[in-house]
Amino acid sequence: MADDSPNHLTANSLAGARIWLSGSVPEDEGISDTQRTRILSFVETFAQLVFERGGYLIHGSHPTFTEPLLYAAHVHEKQGGQKDRLILAVSRHWTKNPEDNRPTAWRETATVHETPEVLGRDEYETEEKSKVLLRHWMADRCDVVVVVGGKWWKSVGGRAGVPLELELALQRGLPCFLLGGLGGAARDYVAQHPEVLARLKNGLDIEANREICTKEDVASLTQEVIRCLERLPLVHGRGSDGASFRILALDGGGLKGTFTAAALALWEQHTQLQIVNHFDLIAGTSTGGIIALGLGVGLTATDMLKFYKERGPVIFPVTRFRSRVYRTLRHVAFPKYAQEELLTQLEYAFNKNGNEPILRDSLCRLVIPTYNAVRGTSHVFRTPHHPDKTIDARIKATDAALATSAAPTFFTAANIKNMVTVGSYFDGGVWALSPVMAAIVEATCFLGIPLERLDVLSVGTTEEPFTVKHQTRAGVIGWLRKKKILDLLMNVQKESSVTLARELVGDARFCRVDVPAPTGSYSLDGPKEIADLATLGESRAQDQEILVQVKSRFLNGVPVLRWQAYP
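Here the sequence shown is numbered in this note's numbering, starting from 8 and rising by one per residue.
Among the clues, some could well be false.
Unchecked claim - Computed list of lysine to any residue pairs in SDA-like fashion (alpha-carbon distance at most 20 Å, straight line):
id : residue 1 : residue 2
1  : K138      : A96
2  : K313      : D532
3  : K103      : E124
4  : K316      : N358
5  : K424      : L350
6  : K208      : I219
7  : K222      : D40
8  : K138      : P70
9  : K313      : P534
10 : K103      : K85
11 : K316      : L531
12 : K138      : Q178
13 : K85       : T73
14 : K396      : T428
15 : K316      : K535
16 : K316      : A541
17 : K138      : H69
18 : K103      : L350
19 : K208      : T221
20 : K136      : R99
21 : K138      : Q556
22 : K103      : D550
23 : K535      : E471
24 : K316      : Q178
25 : K103      : E134
26 : K138      : D514
Unchecked claim - Derived DEER-like restraints, expressed as beta-carbon distance ranges:
id : residue 1 : residue 2 : range
27 : L507      : D550      : 22 to 30 Å
28 : K424      : Q279      : 36 to 44 Å
29 : K396      : G513      : 20 to 28 Å
30 : N104      : R128      : 15 to 23 Å
31 : S530      : V429      : 30 to 38 Å
32 : E132      : V321      : 54 to 62 Å
33 : N422      : E552      : 43 to 51 Å
34 : E223      : P105      : 37 to 45 Å
35 : K85       : D395      : 36 to 44 Å
Hints in this document: simulated from the structure, not taken from any laboratory. We treat Cβ as the ideally placed atom computed from N, Cα and C, and that holds for glycine.
Take these sequences, add in the hints, and give me the full structure.
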């Protein structure tokens with residue numbers, strides 16, 4: 008028999024469950040001070056119990072609820088609990104004023120997510136559209152909804168927040184609990200629409216829901232809702248103990264990886280947090296793979312930016328005219344650059360104090376796409392984070408970096424030895440120039456993370472406008488001229504990967520960071536462009552809307568748990 012006392016702790020009975028607390032304290036809506044006190048008491052007590060049991064609370068940052076929620080989160084953290092149990096969602100429509108320091112203050116205790124402002128024809132439409140986006144964001148992130156209190160029912164009726172949020176949840180098939188007994192819009196809505204009690208999908212019959220919906224005693228109501236939540240088959244997080252499973256996916260692009268490294272370095276410097284500690288999985292192809300592996304072995308993003316600035320010109324040297332002509336002619340029959348030089352520079356960057364880190368040593372899970380030249384199949388070098396995927400565990404980080412960046416015509420295939428045999432590998436960019444889909448598949452298929460738990464940050468290496476409208480009637484020569492066929496294949500597979508990933512996980516959980524560049528502005532092997540690429544990456548990374556998303560969803564001060572390496 009469960010202990011019904013308020014202080015009873017059923018450890019982890021709500022582990023990973025994300026509960027959307029919808030509502031607010033009514034003001035001039037005909038309710039008493041006693042009812043307002045009951046609502047606030049419920050919010051604080053309910054939050055404490057959810058946090059104790061390993062659950063997460065999501066709330067839309069209404070001023071009347073924010074204070075008791077922050078207090079409960081503060082108490083939980085002081086008792087040794089995780090900081091991210093409370094998730095406050097707020098629209099940039101209300102926080103865009105640079106003098107508004109509320110999100111900064113909230114982040115001391117909670118995770119804060121700021122959704123973009125949606126512009127309308129006037130201020131009213133802008134506010135309404137921004138509210139809709141905020142509500143959809145919360146609905147996308149939760150497993151169950153608890154509705155209490157609420158304002159404006161008597162003045163605006165169906166446009167009040169509580170009925171709109173409840174209907175949004177019901178349309179998505181989410182279990183809901185409607186607590187009308189404490190007053191506010193929740194009470195008035197169910198009084199006028201008693202049929203809603205049959206639609207709550209919370210495992211209770213109409214009579215049981217009516218009893219909960221009319222209960223006024225805060226202590227017994229709180230315990231009853233908690234017991235009901237514990238009995239529900241809520242989707243719990245797997246593979247991560249956080250409210251979301253955070254993925255960082257880094258595109259390929261040769262020396263254009265300077266853009267990526269500069270963006271990551273800016274975020275680390277701005278937040279004073281290390282990227283590798285805040286992502287459950289990092290995927291990288293080619294130059295993105297080099298960065299991912301560098302972060303995995305413990306280098307900071309600033310270290311990686313320094314690698315591109317200092318070692319890029321050594322790997323891809325600027326030569327005199329005669330040497331360039333020779334290199335160009337030689338490139339017709341042989342790879343353009345010396346792979347030995349690339350390996351030397353990787354070893355210089357990755358191997359410190361006589362150590363040669365292997366994939367098993369990585370500080371986070373890694374997914375590094377390559378192509379097996381002998382078997383003629385795609386291959387992923389990965390850390391041993393799955394019991395059936397451990398064959399690459401002892402591959403050196405430098406070898407994995409060499410393999411994923413061995414671009415055909417630029418370098419020879421990399422010969423890499425795993426536990427069983429030696430294989431020849433080419434650049435993973437031939438099939439996964441943007442590794443975001445490979446990362447999503449890894450998380451869902453091998454780590455068992457539900458799609459709705461993923462939070463994806465995908466970083467490009469600049470994006471040039473591309474079209475083949477002049478090739479519609481081209482033959483072999485037309486397609487081979489200026490590598491048009493190669494450009495087509497590379498562009499379409501990157502674009503489709505990003506598009507499919509966005510559609511798969513949804514806009515609310517996908518953040519793409521890239522920047523358009525004029526055609527021909529930056530090449531894969533142009534060391535003269537490194538400084539410009541670094542400036543471009545830094546500038547794009549500090550764009551206010553991007554920076555807000557990165558700080559809210561990824562580098563939020565809540566580190567991920569150390570991953571488990573299998574034998």
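Hints versus structure:
1. K138 <-> A96: holds, 11 Å
2. K313 <-> D532: At roughly 17 Å apart (the allowed maximum being 20 Å), D532 and K313 satisfy the hint.
3. K103 <-> E124: holds, 9 Å
4. K316 <-> N358: The hint holds at about 18 Å.
5. K424 <-> L350: holds, 15 Å
6. K208 <-> I219: Satisfied, since the Cα-Cα distance of roughly 14 Å is no more than 20 Å.
7. K222 <-> D40: This hinted pair holds, its Cα atoms lying about 17 Å apart.
8. K138 <-> P70: Between K138 and P70 the Cα gap is close to 15 Å, so the pair holds against 20 Å.
9. K313 <-> P534: holds, 13 Å
10. K103 <-> K85: violated, 31 Å
11. K316 <-> L531: holds, 14 Å
12. K138 <-> Q178: holds, 17 Å
13. K85 <-> T73: holds, 18 Å
14. K396 <-> T428: Holds, because 16 Å separates the two Cα atoms, which is no more than 20 Å.
15. K316 <-> K535: holds, 10 Å
16. K316 <-> A541: The given pair, whose Cα atoms are some 9 Å apart, holds under the 20 Å limit.
17. K138 <-> H69: Answer holds: K138 to H69 is near 12 Å, not above 20 Å.
18. K103 <-> L350: This hinted pair is violated, its Cα atoms lying about 47 Å apart.
19. K208 <-> T221: holds, 18 Å
20. K136 <-> R99: holds, 12 Å
21. K138 <-> Q556: holds, 17 Å
22. K103 <-> D550: Roughly 13 Å separates the two Cα atoms, so the pair holds.
23. K535 <-> E471: Roughly 18 Å between the alpha carbons, so the hint for K535 and E471 holds.
24. K316 <-> Q178: violated, 52 Å
25. K103 <-> E134: Satisfied, since the Cα-Cα distance of roughly 13 Å is no more than 20 Å.
26. K138 <-> D514: holds, 16 Å
27. L507 <-> D550: 22 to 30 Å: holds, 25 Å
28. K424 <-> Q279: 36 to 44 Å: holds, 40 Å
29. K396 <-> G513: 20 to 28 Å: 27 Å Cβ-Cβ, so the 20 to 28 Å window holds.
30. N104 <-> R128: 15 to 23 Å: Check passed, 22 Å falls within 15 to 23 Å.
31. S530 <-> V429: 30 to 38 Å: The hinted range 30 to 38 Å holds for S530 and V429, with Cβ atoms some 32 Å apart.
32. E132 <-> V321: 54 to 62 Å: Since E132 and V321 have Cβ atoms about 55 Å apart, the given range 54 to 62 Å holds.
33. N422 <-> E552: 43 to 51 Å: holds, 45 Å
34. E223 <-> P105: 37 to 45 Å: holds, 44 Å
35. K85 <-> D395: 36 to 44 Å: Holds - the Cβ-Cβ distance for K85 and D395, about 42 Å, lies within 36 to 44 Å.
Hint compliance for this structure: hints 10, 18 and 24 are not met, and every other hint is.
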